[in-house]
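Here the protein sequences come in this chain order: A and B. Under full-length UniProt numbering, residues 1 to 500 are what the first sequence spells out, in order. Under full-length UniProt numbering, residues 1 to 500 are what the second sequence spells out, in order.
I should point out that these hints are in silico values taken from the structure, not numbers from a laboratory. Just to be clear, a hint being listed does not mean it is correct.
Since the list can't tell identical chains apart, any single copy or any two copies may satisfy a pair.
As the list claims (entries may be wrong) - In the BS3-like style, the derived pairs of lysine-lysine whose C-alpha atoms are separated by at most 25 Å in a straight line are:
(1) K324 with K396
(2) K352 with K13
(3) K145 with K112
(4) K72 with K84
(5) K324 with K390
(6) K17 with K72
(7) K324 with K394
(8) K324 with K112
(9) K84 with K390
(10) K72 with K142
(11) K358 with K105
(12) K72 with K13
(13) K302 with K324
(14) K144 with K430
(15) K302 with K430
(16) K9 with K144
The structure presented is a predicted model; accordingly, all values stated were derived computationally and were not measured.
Here is what each chain is made of, one letter per residue.
There are 2 protein chains.
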Amino acid sequence: MTAHPDFLKYVNKHADKFVQRLADAVQIKRYPGNLSSIRDLILIVLYLDLFSISGDAAYREETIAMGHWLEKQLKGLGVTTTLKDLGQQTLQGQRLDLPPAILGKLGEDPKKRTVLIYGHYDVQPALQSDGWATDPFMLVEKDKKLYGRGSTDDKGPIMGWLNVLEAHQAQRLELPVNLRFCFEGMEESGSEGLDELIEREAAAGGWFNGVDCVCISDNYWLNTRTPALTYGLRGIAYFAINVSGPGQDLHSGLFGRMVHEPMTDLIKLMSILVDHNGQILIPGIESMVAPPDESEIELYTKMDYSIADVAEAVGASIALSDHKETVIMGRMRNPSLSLHGIQGAFSEPGSKTVIPSKVAGKFSIRLVPPQTPEIVNPLVTAYIESEFAKMNSKNKMNVECSHGGKPWVADINHWNFEAARRAVEAVWNKSPDYTREGGSIPVTLTFAETLGVNVLLLPMGRSDDGAHSTNEKLDLSNFIEGTKVLGTYLYEVAQLAREA
Amino acid sequence: MTAHPDFLKYVNKHADKFVQRLADAVQIKRYPGNLSSIRDLILIVLYLDLFSISGDAAYREETIAMGHWLEKQLKGLGVTTTLKDLGQQTLQGQRLDLPPAILGKLGEDPKKRTVLIYGHYDVQPALQSDGWATDPFMLVEKDKKLYGRGSTDDKGPIMGWLNVLEAHQAQRLELPVNLRFCFEGMEESGSEGLDELIEREAAAGGWFNGVDCVCISDNYWLNTRTPALTYGLRGIAYFAINVSGPGQDLHSGLFGRMVHEPMTDLIKLMSILVDHNGQILIPGIESMVAPPDESEIELYTKMDYSIADVAEAVGASIALSDHKETVIMGRMRNPSLSLHGIQGAFSEPGSKTVIPSKVAGKFSIRLVPPQTPEIVNPLVTAYIESEFAKMNSKNKMNVECSHGGKPWVADINHWNFEAARRAVEAVWNKSPDYTREGGSIPVTLTFAETLGVNVLLLPMGRSDDGAHSTNEKLDLSNFIEGTKVLGTYLYEVAQLAREA
Chain A
1 MTAHPDFLKY
11 VNKHADKFVQ
21 RLADAVQIKR
31 YPGNLSSIRD
41 LILIVLYLDL
51 FSISGDAAYR
61 EETIAMGHWL
71 EKQLKGLGVT
81 TTLKDLGQQT
91 LQGQRLDLPP
101 AILGKLGEDP
111 KKRTVLIYGH
121 YDVQPALQSD
131 GWATDPFMLV
141 EKDKKLYGRG
151 STDDKGPIMG
161 WLNVLEAHQA
171 QRLELPVNLR
181 FCFEGMEESG
191 SEGLDELIER
201 EAAAGGWFNG
211 VDCVCISDNY
221 WLNTRTPALT
231 YGLRGIAYFA
241 INVSGPGQDL
251 HSGLFGRMVH
261 EPMTDLIKLM
271 SILVDHNGQI
281 LIPGIESMVA
291 PPDESEIELY
301 TKMDYSIADV
311 AEAVGASIAL
321 SDHKETVIMG
331 RMRNPSLSLH
341 GIQGAFSEPG
351 SKTVIPSKVA
361 GKFSIRLVPP
371 QTPEIVNPLV
381 TAYIESEFAK
391 MNSKNKMNVE
401 CSHGGKPWVA
411 DINHWNFEAA
421 RRAVEAVWNK
431 SPDYTREGGS
441 IPVTLTFAET
451 LGVNVLLLPM
461 GRSDDGAHST
471 NEKLDLSNFI
481 EGTKVLGTYL
491 YEVAQLAREA
Chain B
1 MTAHPDFLKY
11 VNKHADKFVQ
21 RLADAVQIKR
31 YPGNLSSIRD
41 LILIVLYLDL
51 FSISGDAAYR
61 EETIAMGHWL
71 EKQLKGLGVT
81 TTLKDLGQQT
91 LQGQRLDLPP
101 AILGKLGEDP
111 KKRTVLIYGH
121 YDVQPALQSD
131 GWATDPFMLV
141 EKDKKLYGRG
151 STDDKGPIMG
161 WLNVLEAHQA
171 QRLELPVNLR
181 FCFEGMEESG
191 SEGLDELIER
201 EAAAGGWFNG
211 VDCVCISDNY
221 WLNTRTPALT
231 YGLRGIAYFA
241 INVSGPGQDL
251 HSGLFGRMVH
261 EPMTDLIKLM
271 SILVDHNGQI
281 LIPGIESMVA
291 PPDESEIELY
301 TKMDYSIADV
311 AEAVGASIAL
321 SDHKETVIMG
331 RMRNPSLSLH
341 GIQGAFSEPG
351 SKTVIPSKVA
361 GKFSIRLVPP
371 QTPEIVNPLV
381 TAYIESEFAK
391 MNSKNKMNVE
401 CSHGGKPWVA
411 DINHWNFEAA
421 RRAVEAVWNK
431 SPDYTREGGS
441 IPVTLTFAET
451 LGVNVLLLPM
461 GRSDDGAHST
471 NEKLDLSNFI
481 EGTKVLGTYL
491 YEVAQLAREA
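Build out the structure end to end from the sequences listed, making use of the hints.
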């Protein structure tokens, strides 16, 4: 069963209405919009300075207002909803309510599969003076692109789901699956409170009971040409190597070559973590990752990506290899180690002749299965400690792991991915790239582990959308065809259930 | 000829008067002291904040006032003086007169040797709230120590010379040598204008014509127990290794192991400059320094210094070696390389997952003869460039030398040093340590090169005087016996001329 033809026709016919829905959503700014009080007036003044600060207390009321607007939309489309209070947080010295999570339910047919949809309605800060060509909180269409904060991250995909619901409701079409919704308003600020909510709702009697799979549309194609399905995310383990020696900073003229300098020790330790090809030198880290089999290599070979794409994305021809597969695997299926910087050393312009007394070298490792922070940390610590011991330094050294997160990889042979592949091919007439992302979206892992079901990342936007940047956009075609993909995906989920 | 006995008797008898002279000098603060205008009132208010800023425009008038006071003292002691205008500087947006240099002349006897005395009358900033037990600009005697800003650096030594003059003038004793004076008021702020002045006055008809040797009393014993004569200073060459790649900072999740990271390259380059024993790894740097001969080693062996002294000075037992001579040579006669820090990388507390796009690693090499910045720079640059080439990185790298200064070493067998040795032994009943300092006093080299005569550093204070720190002090014995050393030194210069 492909998508109902009336669904697809409705989407084509009502593109303008859908764009207006996205425009309404984008206009709900994340800053105070009403001059109803002295406080608001003050905030308007402050806002010039504060706007670039993500998660600012001044914008909380508007974020909550967006949640209420979204809940009303869902209700109007026949969804049973509830606003889940996630408690409070302290931000900039203020005790603030967290924006509520919106849970939704549509359909209870035990013969149908139940798909859980996740999205987030909060956005990154934006100020026209940051370099936006237009008001970031007015959706502007130009050259078939929809510009506005949240257009691609993540209001566009959420509106895509509302479009799907509207097309069915307006034409009294039956949805092929049961739907559950989980829309949060804190994704850009650490998803505070969400993990606990998912755990509660996954328990008996919760809103997520009976969920068969999860679909998250909060990421992007690998390029600007080919749709993608994302089936993996790297984890992370973040470290600091602390080296200290003298009781205070020393003058290099007086003490250079008299004492063990903490910087000499630290730089040496940082230099033996990763080689110039990106290979991690800590024993046991690389070797625990299984090499790719032929079918996996084929994914990379077929992937619509080139060394030129890397150069364009980073603004320089500095890819680690001329082989496309090597570079792609470096991001998607291999661990990576990046040296971020040193705290406590001289970091200003100019030339200071200091011997810093206490320095902390920061680095992190992006993890892939079977690596976890718990498995990797002892290897990292043991290696650095043994290398430091060889140096016979009289300074003090310790390794600190400040935070970590596990990697996630899904089975792309699962019907959830198969349904998405069929939907992409039906709508775009093109096979999707199967991608793994280098970074983390922690909620993905929470859904996978808590619900024990397959999780799919189904991107709507393209690689050049500028999600956290200026002039964020969503191509009109990605919004409209993307809406078709979302709806068709539901039909394919139902079809595959029948085939099973 | 040892010192005239009446000179020594006068010093013993007039210690109180000499201390009062130093008290007067210390009280001439380097901040506005008179509430004569609105401007001064404002400065008094600002002064709470500004005081710790060296070379602040707000204190310029008082520094100039100190120069005039000092000139008046010299005149009163029979010295022919002139105030040399050194021009102006722009400081904190203000065009300011530089404090004048005071040149002095006493004696024109062609049968006598002519000794040039250098000192500086400006001081480091000081604020009681920095941790001073007493008002830094009131000289306070406690436990036979004289506490106050400038007591040891460098008002004490200058007052020592005035004491010598007074003892001779009051008793109508003839000085054994001709004297020339050069006292500046910008030493703590880069000696602006002084090099040019020295070059002008060294030329025919200048105030420094006929100078046979130079004596600078602006440094310290190696310890608290044994007088020292200093015959060497290390030079410096300061470098930045600049590595750049991506057009902007990158997210390590997205781009880790896809691209050549500037930090990976930089840390590797910084790690191969110096080993953990302080040995410089850049080819040609160590090898150009001749090993010490037996007589030099004997100086270090005899030196009153221990590994415990290092631990006490730096606040930790981190000396590079357990062999006293090795550690002393590390500071005095070997080059050293210190890694100061990295500009452009993550240097704050916390954990940021950035791949910095452009980083600059700062390090400097302390130079010893025959090393000069001109000789060392090409070796450093060639080595780093060749090591970078081996890395096959696609990032851009260059080595920058931001500033440099030559080392200085004097001949300790010269009669100038011999006179100082005899003076120290006569007054202190102890042989001096012959020391070389790890840091730079650029004016030393200017005198040596411009006048072509032997320059002696004759310290008055001890290692624990806290010259640039809180609670700066000069031991009463160092002031009084030090005054005797300065005077006796002049007699020994004359005696050695006769012996020659």
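Check K72 against K84 for me: Cα-Cα at most 25 Å, and say if that holds within a copy, between copies, both or neither. within (14 Å within a copy, 83 Å between copies)
State whether the alpha carbon distance between K302 and K430 is at most 25 Å within one copy, between copies, both, or neither. within (12 Å within a copy, 85 Å between copies)
How do K72 and K13 come out at 25 Å by Cα distance, when the copy is not named: within, between, both, or neither? within (24 Å within a copy, 97 Å between copies)
With identical chains treated as interchangeable, where does the CA-CA distance between K324 and K390 reach 25 Å or less: within a copy, between copies, both, or neither? Answer is between: at 23 Å across copies they meet the 25 Å cutoff, but 39 Å inside does not.
Within a copy, between copies, both or neither: where do K324 and K396 come within 25 Å Cα-Cα? between (43 Å within a copy, 22 Å between copies)
Given identical chains, is K324 near K394, meaning Cα to Cα at most 25 Å, within a copy, between copies, both, or neither? between (46 Å within a copy, 16 Å between copies)
When no copy is named, should K302 and K324 be tagged within, between, both, or neither for a Cα gap of at most 25 Å? within (10 Å within a copy, 66 Å between copies)
My question is about K144 and K430: at a cut-off of 25 Å on alpha-carbon distance, are they close within one copy, between copies, both, or neither? This pair counts as within: shortest intra-copy Cα distance 21 Å, inter-copy 91 Å.
Pop the pair K352 and K13 into one bin, within, between, both or neither, using alpha-carbon distances up to 25 Å. Cα proximity of K352 and K13: none, with 67 Å in one copy and 46 Å across.
Reference check for the pair K72 and K142, CA-CA at most 25 Å: within, between, both, or neither? neither (29 Å within a copy, 79 Å between copies)
Treating 25 Å as the Cα threshold, decide for K324 and K112: within, between, both or neither. Classified as neither; 42 Å inside a copy, 83 Å across copies.
Are the CA atoms of K9 and K144 at most 25 Å apart within a copy, between copies, both, or neither? within (20 Å within a copy, 99 Å between copies)
In this structure, the earlier hints numbered 2, 3, 8, 9, 10 and 11 are contradicted, and the remaining ones agree with it.
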